[in-house]
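Join these two chains into a complex; the hints should help.
Chains as they are written, first to last, in our numbering: chain A, 1 to 294; chain L, 295 to 400.
No lab work stands behind these hints, which were simulated from the structure alone. Hints are supplied without guarantee of correctness; some may be wrong.
Listed next, the in silico DSBU-like pairs over lysine-lysine satisfying Cα-Cα at most 35 angstroms (straight line) [as the list claims (entries may be wrong)]:
hint : chain 1 : residue 1 : chain 2 : residue 2
1    : A       : K263      : L       : K397
2    : L       : K397      : L       : K363
3    : L       : K397      : A       : K192
4    : A       : K268      : A       : K241
5    : A       : K186      : A       : K245
6    : L       : K397      : A       : K190
7    : L       : K334      : A       : K263
8    : L       : K334      : A       : K250
9    : A       : K257      : A       : K245
10   : A       : K245      : L       : K363
11   : A       : K257      : L       : K334
12   : A       : K248      : L       : K397
13   : A       : K185      : L       : K397
14   : A       : K192      : A       : K263
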Amino acid sequence: MYDIKNTAKGLVAHGVSTCAGCGLELIIRHILDVLGENTVIVIPPGCAALFSGYGKETALRIPGFQGNLENTAAIAAGIRAGFEVQGRHDITVLAFAGDGATVDIGIQALSGMFERGERVLYVCYDNEAYMNTGIQGSGSTPFMAATTTTPGGKPSRRKNMLEIAAAHGIPYAASASAAYIDDLKKKVEKAKNTDGPSYLHIHTPCPTGWGFDPALSVSLARAAVQTGAWVLYEIEKGKLKLNSKTTKLKPVSDYLKPQGRFKHLSDKDIQDIQQEIDEYIQVLASRSENQAVI
Amino acid sequence: MNPGNDNDGKKWHELPGGGINPDAGNSLENYTGYLRRGEKPQFNPDNCINCFFCWVFCPENAIIVDGEKIAGINYDYCKGCGICVNECPVSHEPLPLIMVEEKIEL
Chain A
1 MYDIKNTAKG LVAHGVSTCA GCGLELIIRH ILDVLGENTV IVIPPGCAAL FSGYGKETAL
61 RIPGFQGNLE NTAAIAAGIR AGFEVQGRHD ITVLAFAGDG ATVDIGIQAL SGMFERGERV
121 LYVCYDNEAY MNTGIQGSGS TPFMAATTTT PGGKPSRRKN MLEIAAAHGI PYAASASAAY
181 IDDLKKKVEK AKNTDGPSYL HIHTPCPTGW GFDPALSVSL ARAAVQTGAW VLYEIEKGKL
241 KLNSKTTKLK PVSDYLKPQG RFKHLSDKDI QDIQQEIDEY IQVLASRSEN QAVI
Chain L
295 MNPGNDNDGK KWHELPGGGI NPDAGNSLEN YTGYLRRGEK PQFNPDNCIN CFFCWVFCPE
355 NAIIVDGEKI AGINYDYCKG CGICVNECPV SHEPLPLIMV EEKIEL
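This is chain L alone, in the form it adopts within the complex (with noise of 0.2 angstroms):
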């Protein structure tokens, strides 16, 4: 179920008035990793240059840093776009990003 549409139970005249929402940033809870379609982006430190290509262009910012350092992909919110897999400089063997396939649960 979307948990943006559920009011916790709450009767119309509790909810706050005006369409008003206190509670900002809480689309944390809706982890968009559900939008993956079968691939998801791979990351190999290995051969990383930390050039933060990916983490720059990374629409959903759901590339991990630690420090000055690339660390690995949040799955949670990750929709395996692959623009991190394509952007990525490094050319030589093995990669630092790659496309694997995703076995889906529904």
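Next comes chain A alone, as it looks inside the complex (with noise of 0.2 angstroms):
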């Protein structure tokens, strides 16, 4: 499944300034390997800004172009209407977007994207707030979690991106983590190969907006996957197909106690949870049509 090579994971570069154990420049190394040098990519302002570069810098060795927050969808799908009049149907044109600028900002140059059936793979690094600018709540930082904004947990649910994203009848959809990379690889490259929009929502922790040691980073990643308060699904063509299991999961507490966002939190509160993602979990498992995989 992996190629060793020397120099560098895919066609990122050594040198990139973000914050040590970094989730999301785990993830993008292993997109790109997948994806390799025929891609086009948009990148929004946010973390992912700094792969696109600032100053003269830049990370990435294949054509890129740094866009606004609310019109990623919009120019990737402009770029992909280029290549087919070129008759360049090989070039992978991928949109790489927080979660600020997927679940809000971005969400109507999105959904529009979706509706035309645009032949663009959308990938939102889901590190649940406004990371790149202070730690701001965004729609879809989780219930209770406390950020510069909601300093005290917010108070409101998140957006189930993943399902608004599905219900736009769109042909691939899925869910990935940072600590399941095999499982990440394969649905990247099973997006690469869908004809017509998809969409990728992962899981990246975030050392310095959760408050963790670093080298929790993974380890951390895979709690929430192995806790249910992360589930990886992929829906194809309406068909949900659970990718994590959804029995004998380990208490909501494995994932919340390690996390500084969380340590406001009563046992009270840590039973809602739990209750919530139990309940989400059965909804899920009778939707899908398989049994779990990882």
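Take a look at the structure:
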């Protein structure tokens, strides 16, 4: 599965000024490793803009464009239209946006792109807040998580962006995690070969924003999947397929306890969150057509 | 100084137009090793089983591979997050990867 190269994983050079233990940097290397050189990337402002560059510095070895926050999907659709006129069906257009640029600000352009059926691979790396501008709460921040705009814990639930994307009837939508790279690579490959819009929602831990030791980055992403706080599944032409376990899950406190943003939670809050997760898992399991793999 | 922000003394009309960067991948000049804060991972090949977990999960891709074997750590770019040490499955001493203290040069 893994191609051992000595220089760099994929097409991302060394020397990116992301924080130590960044989940985003981990996934972009593996995603571009799968997609290869025939890719054009569109990046809105956010942490991912460190890859398209600041000043004269850039880390990506593929053509890319840094757009605005609200129109990432529209730019990607335009680039795709240009390639279609030239007959270049082989080129993948990748839109790589954060949760703020997808769930809140960019949702109208994204919805339009899904509706028109443009062949664009849209990746949302979900670090669950506006991390690049200083940890402001976003539509994807989970219930009760502390951010600088919700210091006492976010009182509302998060948007289920993957279901919103799948509700457009797009051919391929899937969730992935930074801790399950095999699964992520398979999904990127599938999305690349999809003839139509495809959407990937990837859980990427952020040590700075979530308040944990950078060394725990990957094990925390794994804990999210093992506790059911993050579920791996894919929706292909309306059919849901689970990729992570829905039975024998660990208690959600395993995932919440190491994080600074959840340290104000009482035992009752944790129980409430546990109950919500259990209910949601039941809903997914009843919709699923298979048994979980991982 | 940040290598990304100087223009080699060029004037505005000598720079490429439209904010285009013709030199893709030039962040190699930005040695991110300076982001380490007092700790760095150390590699010992004796008990290494070459499972490549450290290589897969290193966000910075700072694990050096020689052929099919792990050869060491690239301290020019390693940010010292410690994911490699945390993900290493080997449990008997001496561990292939440990965190050691490092003096910060200011």
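Subject >> Enumerated hints in conflict with the structure, sorted upward >> reply: Violated hints (numbers, rising): 3, 6, 12, 13 and 14; every other hint is consistent with the structure.
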